[in-house]
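Q: Can you build the whole structure from these sequences, using the hints too?
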Amino acid sequence: MHKVLKAAIPVAAFLASASIASADCGATSGRVNIVGNEFPAIKTVAANAAKCATGSLTVSSNLTANHQKINLPGMQGNPAEYTSAIIATSSIVALMNDNVIRPLDALVAAHGADIPKNQLITINGKVMAVAFMANSQHLVYRKDVLEKIGVQPPKTYEELLAAAKIIREKGLMKNPVGGAYQAGWNLAQEFVNMYIGYGGEFFKPGSAEPAINNPQGVAALEMMKALSAYMNPDFLTHDSNATSAEWKAGNVALMSMWGSRTGVLTVKEGNDPVVAANTAVGAPLTVGGGKIPATTLWWDGWTVAKNISEDDAKATFLAMKNGISPSILNDETMGQAVWMIKGYKPAPVNEGVMQTMAMGAKPYPMLPYMGLLHTAIGDGLAPFLAGKKDAATTLADIQAAYVTAAKEKGFLK
Amino acid sequence: MRHKTFLAFFLPTATAMFLFIALPIVSVLVQSVHAPHEQVIREVENCTPFGCTKSTTVDQDATAALRADQPLGRFVGLGIYGDRSHLAFSELAAAWAGSARLGDFFDRILHLPFYRALAFTLTYMATVTPLSIALGFFVALAVNAIPRLFRGPVIFVSLLPMIVTPLVGALILFWMVDSRGIIGAAVQWAAGDPNLSLKASTTLTWIMLIVYGIWSTAPFAFVVYYAGLQTVPQDTLESAMIDGASRWERVRYIVIPHLLPLTTFMALIKIMDNFRVFEPIVSFNAGAHAQSLSYFIYSDLGGETRLLSSAAATSVLTIGGVLVLLSPVLVRTWRSFGRA
Chain A
1 MHKVLKAAIP VAAFLASASI ASADCGATSG RVNIVGNEFP AIKTVAANAA KCATGSLTVS
61 SNLTANHQKI NLPGMQGNPA EYTSAIIATS SIVALMNDNV IRPLDALVAA HGADIPKNQL
121 ITINGKVMAV AFMANSQHLV YRKDVLEKIG VQPPKTYEEL LAAAKIIREK GLMKNPVGGA
181 YQAGWNLAQE FVNMYIGYGG EFFKPGSAEP AINNPQGVAA LEMMKALSAY MNPDFLTHDS
241 NATSAEWKAG NVALMSMWGS RTGVLTVKEG NDPVVAANTA VGAPLTVGGG KIPATTLWWD
301 GWTVAKNISE DDAKATFLAM KNGISPSILN DETMGQAVWM IKGYKPAPVN EGVMQTMAMG
361 AKPYPMLPYM GLLHTAIGDG LAPFLAGKKD AATTLADIQA AYVTAAKEKG FLK
Chain B
414 MRHKTFLAFF LPTATAMFLF IALPIVSVLV QSVHAPHEQV IREVENCTPF GCTKSTTVDQ
474 DATAALRADQ PLGRFVGLGI YGDRSHLAFS ELAAAWAGSA RLGDFFDRIL HLPFYRALAF
534 TLTYMATVTP LSIALGFFVA LAVNAIPRLF RGPVIFVSLL PMIVTPLVGA LILFWMVDSR
594 GIIGAAVQWA AGDPNLSLKA STTLTWIMLI VYGIWSTAPF AFVVYYAGLQ TVPQDTLESA
654 MIDGASRWER VRYIVIPHLL PLTTFMALIK IMDNFRVFEP IVSFNAGAHA QSLSYFIYSD
714 LGGETRLLSS AAATSVLTIG GVLVLLSPVL VRTWRSFGRA
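From first to last, the protein sequence lines are chains A and B. 1 is the number of the first residue of the first sequence in my numbering; add one for each residue after it. 414 is the number of the first residue of the second sequence in my numbering; add one for each residue after it.
It is worth saying that the hints were derived from the structure and are not from the lab. All values reported here derive from a predicted model rather than from experimental measurement. Cβ coordinates follow ideal geometry from the N, Cα and C atoms, glycine included. Wrong hints could be hidden among the right ones.
[Claimed, not checked] Simulated pairs of lysine-lysine, DSSO-like, Cα-Cα distance not exceeding 30 Å:
| hint | chain 1 | residue 1 | chain 2 | residue 2 |
| --- | --- | --- | --- | --- |
| 1 | B | K467 | A | K342 |
| 2 | B | K417 | A | K117 |
| 3 | A | K291 | A | K225 |
| 4 | A | K143 | A | K126 |
| 5 | A | K291 | A | K117 |
| 6 | A | K407 | B | K467 |
| 7 | B | K467 | A | K413 |
| 8 | A | K155 | A | K268 |
| 9 | A | K342 | A | K362 |
| 10 | A | K69 | A | K155 |
| 11 | A | K306 | B | K467 |
| 12 | B | K417 | A | K291 |
| 13 | A | K165 | A | K342 |
| 14 | A | K148 | A | K117 |
| 15 | A | K362 | A | K291 |
| 16 | A | K148 | A | K268 |
| 17 | A | K155 | A | K362 |
| 18 | A | K388 | A | K126 |
| 19 | A | K362 | A | K204 |
| 20 | A | K225 | A | K362 |
| 21 | A | K291 | A | K69 |
| 22 | A | K126 | B | K467 |
| 23 | A | K225 | A | K413 |
| 24 | A | K143 | A | K248 |
| 25 | A | K362 | B | K467 |
| 26 | A | K362 | A | K69 |
| 27 | A | K69 | B | K417 |
| 28 | A | K248 | A | K174 |
| 29 | A | K204 | B | K417 |
| 30 | A | K143 | A | K225 |
[Said to hold, decoys possible] DEER-style ranges, computed between Cβ atoms:
| hint | chain 1 | residue 1 | chain 2 | residue 2 | range |
| --- | --- | --- | --- | --- | --- |
| 31 | B | G715 | A | G360 | 31 to 41 Å |
| 32 | B | L523 | A | E169 | 46 to 56 Å |
| 33 | A | E209 | B | D517 | 22 to 32 Å |
| 34 | B | S440 | A | E209 | 32 to 42 Å |
| 35 | B | L523 | A | G288 | 28 to 38 Å |
| 36 | B | I434 | A | D311 | 41 to 51 Å |
| 37 | B | I434 | A | P116 | 24 to 34 Å |
| 38 | B | T615 | A | P73 | 51 to 61 Å |
| 39 | B | A477 | A | P346 | 42 to 52 Å |
A: Structure, rendered in structure tokens:
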């Protein structure tokens, strides 16, 4: 409930401010209603889209951590409740699978000539979304703690484990490693990262048959278990919010964390001054001697609903374009994300994501059935980490659970 | 009552029951024997800010044609009920054939999601129902015995768990049992193991959920029993006292038999409620260690990939489970109703 409340307050504030600062976005009438996740960068985009509102053009938004549960039902109606969903690499697939978002080629040709090519997400030759930021998980570390033990910031998970061991042995921290290992989506994401780091492929080429029950899968699981031995014993209930809270409390010195969530760890307001001053970001880690970092690259972008009138589609396109125009970048918004917007200058906290891109990290797989595998992984890993199942059985059970779901959904016969 | 009056009285209720209970159940039944169409997958090229890759996508035109042909989806009969996420017949057979001892067999079965959820659901129901009723009964007896002056405040305190919203109550406890919380730290101190965590151990998580269940539902039993205690015939109690019956004998031979119909009624409601246990698992974030049938439906319905047929089949199985569990109590009620 508190998440909904938290989402509602800034939305109400945007709506109030929208009428004051009106921008000329080129659209005069229509209905724009945005649904999306709730973090600072997306709030900025929604607030700037809301500036397009005029007497006959309404702009409203619903930003909530529950966005993935409501965006699809909210776009299936005709007319759709939401005219735009802000989505990311994985969540666009659910909207594509159900055919609720429209190709943007005509709108880009008519009103979006100035949007740089690399921001256009093209699927099967059609523009389906416009990206505005990049995100990834990468190393976050405490400078002061590493200095105390005389260790350089780790470049591999093996080095991270060695550093964690020293920190614990010297009595500096009981559980120096952090990780968003909450059973479910977060835990599955950690596996996806680690498995990619070991060079694994998720499916047999060109098919929906799963292929994670292999030596790379076992190695990824063993590494996750080794890391969890240095985590707060409640790690299976810690999502990225709880992990950040552990960090702010000064209980953690090393973790792999989302770029979009590191900004709040380094600011002075509301933080322990020692933690804030010594929080630094580094490149994502590699594992098992691999070259590709054990992480995935993500983009966040916006879409336009299929089941809305042409007028509303045009209004939505123009409002969202204004939401990500170079004019939104200022001192406050610059550090909120790795913006793919002209004029963006990376702040020090964005360094991790920039390095992730430079190291050639793989994007999260955009496959119609990846969500099913992700869910099966998230449901199936906890018994292994709790020590109740061996790695091979765990992976076999996950594959079996995925196959059942994929058969029901019609991806496998 | 005349038939016309009866109809006028009953018809609106019957219509509402038909519209809001019977029809949805039929729709869930229909959903559970259908699955989405076979997906037509095409290889495509996706371009993102990080370059272009070969990928696959769902062919929307072909899918639309399939949907127009068969709007309900593929008919799969009882296929969903038998698959690995539900009753898992072939996995059961394989486990039976592949295990030498009965223990092995149960071990393997508990790797299957449905049976794991059923195991927790039944354990929870079988412990929380009698214990919360018993606790409520003893609190009611105690409150009934204290001087009138103190009854008001004591009743208020006893009802607190029911007044606090389940989600809020569970959240408070969630923080208390955290390894840095007061209960969690106390358990670590008592066990002498600094790495012990209530949230990390399956057994401790189950115990925690069951204790929470008893704590949060006992007030209901207390209220009902307290009301019932006011109706115990005083003359019978007094004559028992004259005959020299002890306090325990009075409770055993007069109060408990008198309250038996109430107990049946309460057992009926509690079994139904506890079989649908859901909120504590969500608010304690206990999905990793304990799943119930309702939690299962919830996770199938949410998330990026909705498994509606799977959720429908689990719902039908849950309804079936409630009916089976209630049948002894229902039969009993029916008989005593017939006797009266």
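Q: Decide, hint by hint, whether the structure agrees.
A: Against the structure, the hints come out as follows:
For the suggested pair K467(B) and K342(A), the alpha carbons sit about 28 Å apart, so the restraint of at most 30 Å is met. Taking the CA atoms of K417(B) and K117(A), the gap is about 74 Å. The hint is violated against a cut of 30 Å. Proximity of K291(A) to K225(A) is assessed by CA-CA distance (about 22 Å); at most 30 Å being required, the pair is judged to hold. Restraint check: the Cα-Cα separation between K143(A) and K126(A) comes to about 46 Å, which exceeds 30 Å; the hinted pair is violated.
For the given pair, K291(A) sits about 29 Å from K117(A) by alpha-carbon distance, which is consistent with the 30 Å threshold. Between K407(A) and K467(B) the CA atoms are separated by roughly 23 Å; this keeps the pair inside 30 Å, and the hint holds. Among the hinted pairs, K467(B) with K413(A) is consistent with the structure: their alpha-carbon atoms are about 23 Å apart, no more than 30 Å. At roughly 27 Å between alpha-carbon atoms, K155(A) and K268(A) fall within 30 Å of each other, so this suggested pair holds.
For the given pair, K342(A) sits about 24 Å from K362(A) by alpha-carbon distance, which is consistent with the 30 Å threshold. Taking the CA atoms of K69(A) and K155(A), the gap is near 37 Å; set against the 30 Å cutoff, the hint is violated. A C-alpha spacing of about 25 Å is found between K306(A) and K467(B), which places the hinted pair at or below 30 Å, so the restraint holds. For the proposed pair K417(B) and K291(A), the alpha carbon gap of about 82 Å is over 30 Å, so the pair is violated.
Using a Cα cut-off of 30 Å, the hinted pair K165(A) and K342(A) is violated, with the two alpha carbons roughly 43 Å apart. Our distance criterion of 30 Å between C-alpha atoms is broken by K148(A) and K117(A), whose separation comes to about 47 Å. Our distance criterion of 30 Å between C-alpha atoms is met by K362(A) and K291(A), whose separation comes to about 11 Å. Between K148(A) and K268(A) the CA atoms are separated by roughly 22 Å; this keeps the pair inside 30 Å, and the hint holds.
Proposed proximity of K155(A) and K362(A) is supported: the alpha carbons are some 17 Å apart, at most 30 Å. A threshold of 30 Å between alpha carbons decides the hint, and for K388(A) with K126(A) the separation of about 47 Å lies outside it, so the pair is violated. Straight-line distance between C-alpha atoms of K362(A) and K204(A) comes to about 17 Å, which keeps the hinted pair within the 30 Å bound. Taken as a hint, the K225(A) and K362(A) pair is honoured in the structure, with Cα atoms around 23 Å apart against an allowance of 30 Å.
Using a Cα cut-off of 30 Å, the hinted pair K291(A) and K69(A) is violated, with the two alpha carbons roughly 36 Å apart. Only pairs whose Cα atoms come within 30 Å are accepted, and K126(A) paired with K467(B) is accepted, the gap being roughly 14 Å. Between the alpha carbons of K225(A) and K413(A) the distance comes to roughly 34 Å, so the proposed pair goes past 30 Å and is violated. For the given pair, K143(A) sits about 14 Å from K248(A) by alpha-carbon distance, which is consistent with the 30 Å threshold.
With a C-alpha separation of about 13 Å, the suggested pair K362(A) and K467(B) falls inside the 30 Å cut-off, and the hint holds. For the suggested pair K362(A) and K69(A), the alpha carbons sit about 26 Å apart, so the restraint of at most 30 Å is met. Simply put, K69(A) and K417(B) have alpha-carbon atoms about 48 Å apart, too far for the 30 Å limit, and the pair is violated. With a C-alpha separation of about 15 Å, the suggested pairing of K248(A) with K174(A) holds against the 30 Å cut-off.
The straight-line distance between the Cα atoms of K204(A) and K417(B) is roughly 69 Å, outside the 30 Å bound, and the hint therefore fails. For the proposed pair K143(A) and K225(A), the alpha carbon gap of about 25 Å is at most 30 Å, so the pair holds. Between G715(B) and G360(A) the CB atoms are about 34 Å apart, so this pair conforms to the stated range of 31 to 41 Å. The hint said 46 to 56 Å for the Cβ distance between L523(B) and E169(A), and at roughly 38 Å that hint is violated.
A beta carbon spacing of about 29 Å between E209(A) and D517(B) agrees with the range 22 to 32 Å that was offered as a hint. Under the hint 32 to 42 Å, the C-beta atoms of S440(B) and E209(A), about 33 Å apart, fit the expected range. At roughly 32 Å, the beta-carbon separation of L523(B) and G288(A) lies within the given 28 to 38 Å, and the hint holds. Between I434(B) and D311(A) the C-beta distance comes to about 42 Å, which sits within the given range of 41 to 51 Å.
In this structure, I434(B) and P116(A) break the distance hint of 24 to 34 Å, their C-beta atoms being roughly 56 Å apart. The beta-carbon spacing between T615(B) and P73(A), approximately 34 Å, falls outside the hinted interval of 51 to 61 Å. A C-beta distance of roughly 44 Å is found between A477(B) and P346(A), which places it inside the suggested range of 42 to 52 Å.
The structure is inconsistent with the numbered hints 2, 4, 10, 12, 13, 14, 18, 21, 23, 27, 29, 32, 37, 38, although it conforms to all the rest.
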